[in-house]
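Quick note on the working numbering: the sequence shown kicks off at 1076 and runs consecutively.
If you're looking for bench data, these hints aren't it; they were derived computationally from the structure.
Some hints here could point you the wrong way.
What the hints assert, rightly or not - Derived pair list, reagent style BS3-like, types lysine-lysine, alpha-carbon separation capped at 27 angstroms:
#, residue 1, residue 2
1, Lys1198, Lys1177
2, Lys1198, Lys1095
3, Lys1140, Lys1198
4, Lys1198, Lys1084
5, Lys1177, Lys1140
6, Lys1177, Lys1084
7, Lys1084, Lys1095
8, Lys1154, Lys1084
9, Lys1154, Lys1198
10, Lys1177, Lys1154
11, Lys1140, Lys1154
12, Lys1095, Lys1140
13, Lys1177, Lys1095
14, Lys1154, Lys1095
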Amino acid sequence: MGKVQQPEKHLLRLVLSCRKITAQVTEPTSQSIIAMASSSEQEFVPHYRAKLDQLPRTHNFWGPKIASRVGEKLGIRLKEIDIAHLRIDLQEELARPLHYRKMVIPLFDSLRRTGVVVSDAEKLQF
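Use the sequences and the hints to build the structure in full.
This is the structure in structure tokens:
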């Protein structure tokens, strides 16, 4: 008997900059974005404005708390469309600078708390 092929999991991509974090989930076959959450959404505008007015000026406008909330919002959106399993590009995530990797761990934890399983996310833990 041959092996039964499991359907390919949706891919979670993180787009990080010093100003925002964006989490996108793409369809495995067409690569189209099916769910997304970002720190540039309306909910985060007061936080962003507060960081702009802060002295001394900071270069990062998001951190682990914002990443956690973005993960929570994405998890809720994924549950609405019945997606419970994701995968990440482990090599891409490991290639990120260490300070970014530490700041996105709460995003993966939030997804896990909402019931979304992210394959290979545990390999990013320190």
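Hint check results:
1. Lys1198 - Lys1177: Holds. Lys1198 to Lys1177 sits at ~12 angstroms (cutoff 27 angstroms).
2. Lys1198 - Lys1095: Given pair Lys1198, Lys1095 holds - Cα atoms ~24 angstroms apart, limit 27 angstroms.
3. Lys1140 - Lys1198: 21 angstroms, holds
4. Lys1198 - Lys1084: 17 angstroms, holds
5. Lys1177 - Lys1140: 12 angstroms, holds
6. Lys1177 - Lys1084: 24 angstroms, holds
7. Lys1084 - Lys1095: 26 angstroms, holds
8. Lys1154 - Lys1084: 15 angstroms, holds
9. Lys1154 - Lys1198: Roughly 24 angstroms separates the two Cα atoms, so the pair holds.
10. Lys1177 - Lys1154: Holds. Lys1177 to Lys1154 sits at ~25 angstroms (cutoff 27 angstroms).
11. Lys1140 - Lys1154: The hint holds at about 21 angstroms.
12. Lys1095 - Lys1140: 12 angstroms, holds
13. Lys1177 - Lys1095: 15 angstroms, holds
14. Lys1154 - Lys1095: Given that 27 angstroms is the threshold and the Cα spacing comes to 24 angstroms, the pair holds.
In terms of the numbered hints stated before, the structure departs from none.
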